[in-house]
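As given, the protein sequences belong to chains A, B, C and D, one line each in that order. Residue numbers 1 to 234, in the UniProt record's numbering, belong to the letters of the first sequence in order. Residue numbers 1 to 318, in the UniProt record's numbering, belong to the letters of the second sequence in order. Residue numbers 1 to 406, in the UniProt record's numbering, belong to the letters of the third sequence in order. Residue numbers 1 to 291, in the UniProt record's numbering, belong to the letters of the fourth sequence in order.
No wet-lab data here; the hints were simulated from the structure. Note that the structure is predicted; figures quoted are calculated from it, not measured. Treat each hint with caution, since some may be false.
Claimed, not checked - Across the chosen pairs, the derived CB separations fall in these ranges:
id, chain 1, residue 1, chain 2, residue 2, range
1, D, 188, C, 260, 51 to 59 Å
2, B, 113, C, 354, 53 to 61 Å
3, D, 277, B, 209, 17 to 25 Å
4, D, 244, C, 177, 47 to 55 Å
5, B, 314, D, 75, 36 to 44 Å
6, B, 195, C, 213, 52 to 60 Å
7, A, 120, D, 277, 43 to 51 Å
8, D, 75, A, 120, 41 to 49 Å
9, B, 313, D, 244, 47 to 55 Å
We treat Cβ as the ideally placed atom computed from N, Cα and C, and that holds for glycine.
Listed below, chain by chain, are the residues.
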Amino acid sequence: MALLHISSLYVGYNSLNVLTDVNLDVEAGTQVVLLGANGSGKTTLLKSLMGLLPVHAGQIVLDTQDITRLGPSARVRAGLAYLSEIGVIASLSVEDNLNIGGYYLTRTLRRQQIRSLYQQLPILYEKRKNPASSLSGGQRKILAFAKVLMGQPRLILMDEPSAGLAPVMVNEMIQILNTYRSHGPAFLIAEQNVKFLEGAHYVYVLDNGQIRFQGTPQDLDADAHIKAAYFGLT
Amino acid sequence: MLNTQLVEAGKRQRGRLLINGVIPFLVLVGFSLSPFVYANQAILFQMMAFMALAQGVNLLYGFTGYLPFGYVGFFGIGAYGMAISIQLLHFPGLLAVVMGGLLSAIIAIIFLPLLRLSGAYFAISSLAAAEVLSNVVSNSAMIHITNGPYGEQLTQSYHPVTSYVAMVIVLVLTTVTVIFIRNMPFGRALMAIREDPVSAAMAGIAVVRSRSIVWLLSALIAGLTGAIFGWHLSVFYPNTVFDLNISILAIVFTLFGGYGTVTGPVLGSIVLYGLYNAIGISDPQYFQLIYGLLIVALVLFLPGGIISLIQRRGNYVP
Amino acid sequence: MKSTAILGMAAVLLSASLAGCGSSPSTAPSAKSIKDITIGTLYAKSGAFATSSMPEYSGLTFWASQINKTGGVYVKALHKKVPVKIVAYNDQSSATTATTLYSQLITVNHVNILVADFGSVLTSVAVPIAQEKKMLLFDQTGTGASFFTPSNPYIVLTSLPTSGLWPTSLAQYLIHKGYSRIAIVYATNDFDQSQDQTLVSKLKAAHITPVYNNGVPTSTSSYSVLLNNMSHTNPQAVIELGYPNNDIAFLQALKASGDHFNMVFTIFPGQLPQLFVSSVGPSSINNTYTYPAPPLLTFSHVNYGLNTAQFDLAFKKATGQSTNFLSIAGYNTGLIIQKTLSTANSLNQLSLRHAVSRFSGSLSTLDGTFKIDSKGAQIGETLPVGKITTNSKGRVSVQFVTSPNS
Amino acid sequence: MFTYSLVSGILFGIFFGFMALGLNLIFGVMEMVNLAHGDFVVLGGYVAIMALTSLHINPVVSLVIALVLFFLVGLGLFFPLIPRLSNSRDPEMLSLILFFGLSQVLEALMVIKFGVNPESLPLSVFGNSSWHFLGQSYQIAWIVTALVSLVMITLTYVFLYYTSLGRAVRAVMGNREEALASGLPVKRTSAIIFAIGIGLAAMSGVLSPLMIGSLDPTSGLGLTTIAFAIVVIGSLGNPLGSVVGGLVYGVSLMLMQTYLSSWSVLVPYLLLLIIVLVKPSGLLGKGVRHA
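The shape of chain A in the complex, shown without the other chains (with noise of 0.2 Å):
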């Protein structure tokens, strides 16, 4: 049984549907990369495994828990996160986003994350009263993903970790999710960029709506037609 199964979702705004018959399965201790260009519906997607979007049919269960229709909180409290492209809240000092990551958890509990998180990451331990809007691009990102782990949640939705970042942050952020792999939360990432599928355990195509292909990265290596026709890789 895999730790997040979704079987024949329909999710749209009004009465138009914008994702259609999505079938998609997470296995624990997974990173499941959802490749699709701007517009394919990957956020609508992320967003109705949120719960910030109604889902119109479809069923969506996490770890045997029917969760098609509870709110984003229930959802944070059976072990979903969510990653936005924003991901922080600006107004907020460092420590107060890790604590709203952390809302849910006894008060020891939090503190002893934050410790932790502040080992791993340094950097947000020197920066830990400034209010987020003070921090970089690439220093936003990498709060992001610590107020997410906050939660320890048993899978992370991110939704383009690579927006709006340079390259050589791009890199780093891949290298930080490496260190998680097959030792932490299960990941279901959304993007354009396929350098994150280096790593990656399986792979998803979204296209207007519909997942064309899925298959390890190996598998999509090998089906030109796929690579040709969606990222225009030869």
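Please arrange chains B, C and D on chain A, whose structure you already have, making use of the hints.
The following block gives chains B, C and D in isolation, referenced to the frame of chain A:
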């Protein structure tokens, strides 16, 4: 093939304009004839004044999204512009009315920067602006111009019939203006701005200029209405023409009927002002309560006004 | 074609709503067929003027019920007694609404007698309508001097002198006491500002210049700083001219400040003593000065209608309300109407007006001597100055410091 | 004269800062202007007046009664109105109109229940002693009011900056979308802040007759406008901003009464217009149209 489609579209367009034209025509005929049937001209007159004000609010709120709580400021300035023209410049009534409208438009130019504000900021700031205008007019320091707290006495120019006719004309012109704006490309540009100002600006629509034009037009409507209203009263205090309830009623009538349409404010004014006089006169104790509840219910269940009940089924409403 | 249906609906609604506004116009009654005298008036059940308007209206309706008990009012033109019927609408203190309602009374209800609502603001809009429709306006308490012009015979002020006359007694008293340091704060509305003007000009005529004379907005509700500023001028007399709300706020601030002046004067404790006792407490009006109005002011010589004591008793019995100045003012209006109808030779509005002029000066009611000038403005019924004493139970009494019959 | 105006302006300002606090919180968290704010203030005043005159309850006790009672009223109003409003097409505008309707309803109900006469509390309710400072004396009621206001503002500050729920409130103020995406209980937070905002409005109302003389059912809208001006002058969502706004208002009002008395009524309106027109971006980034 394409040609016939164009002809069809053209026919539909003309048909719609014809239906639109029915409204000012009915307004004209209705208010011109009703004094012969119904003796209390004051009610008819005020219904017209509120209808014109409701159309002014409609123009501003329905087409640009600015809700002017302080709309009465323009109304009061119109009344005072008229009174000053009569008292100090010895203008005849009709010319004084035009002066009232113009003064109102000039004040609107001074307050143009308010359009930089959005939502509640605009609504409450416009209220503050109206309070400022009212208090400046009534201050003793202005006694040689506005007669300060003593109010205006224009009994020498009191002319109920002429002012009634002037009100009919201004109301019809106002209605026609709203029809034109709604059906011209300018109106569609306004709607685009209202929906999404950023995209509209990128599509090359002169956002600031379009809004400013509507702002001035609605100020002119309120100014002319206020001027005729003051003329019709001929004795008034600053409180009378700067009464906040005037804005409130005009806004409620517009919202009740349905903003962004031509019919909405007309319908809203007839129904609610009629109710106000039918129920309100005998027992207004509960009238404020009723229309307070009506507003709450409207916002929650029918934000488009009663017109939207008809529009909902895909019908065209002028 | 839905839209035509809507427009049709709108037209129906228009006519329906207008029909709802009143009965359809009837033809003007001829003198012969008159079965009752209709008196049209407005009252404000809510809004800024409700406090004053409602007791005034009770006074008038009390008069009507009293007169109907005796078989009606004697109408000389008909040589018989005719019952009185009051037609009244609620204007909610809005001058705009009042306009349509005055018009309704005249054009739809065709009332025989038109009576204004309380105060200048609600009376003002009736003045041109009454003049245009040639209806005599019985103006009860609208004291604005500008209403009364030589060219307009269609107005008569019944129950108060015009506001410019009020400060006569006050100026007289201040001059008599030899106060040279006088501080005045007034609300900038026509009622108070015109009193300030009269007072200052009368003082100046006696070579007294007030040490402090400033206007404040009528909405002012905190007077502490103003009072502090006034006390810096070391005044002997502190005079506050305002509406009831201003007077309440002023007296409250005065009490809290602990300042003491030889004389403190406000207008409304003399008219609405109970309001002041209940809102600011009896001690805050104790030893202050005011214009005592009926019932604090009683006239020994009453030649028409009830005297104050009789009115107090009968009014309380009939309505359950206690007497205040405004209920007396409303009752007094009724008396003036009664006298007018019994004097006039016809029900024509101008002959009503002539009748009023004829008995002007000879009528003494519980509101004083009724006397109007040629413009219809009240010059009798002047108010003296008095000093208030209260006991802890809230009983208010007054000691006159100028002659009540001046 | 100057000292007295200044000190009383400060005492007044602290009170008005407190009076605006509830509006500020609701505005910050929900981006809705509670146009009925002033009416809740007036209702709080009526609670105090009724409690004192008919039950002889001291206003200090009424402070607690008003807070608790109107906290519950706030909760009762939130659930039928706000969630539906938030899902509508234009929540900001529609909420403005809705609260305007609510304000009309409250005003009408107050007229029906309490009548139209102005009502007040005796200034001697906290005793007749006064406070001497820099050669002037100030009534004890003002001092009590200013102290209560300061305590409540401080408590609100502590709540926002030193509790977990307060942190969530600031997160919602900072970025509602992101707060939702972070899984914060946004709806519950909004409900609590709405209820607190209305509770605080009524609580400040208990003291209001002591500061503004007397109350009647129509006093509400004027108080709402003053409160809005104060919120805009200070900064949104920061209780200390309310204090700054309140002080600016209180001191300008008192100085204006001293030196230009007949124009004093213009103070809140002019301050509001000057701030929104001269410095729109600095103080209120959110209020400006971006096109």
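- Which hints, by number, does the structure contradict? Violated: none.
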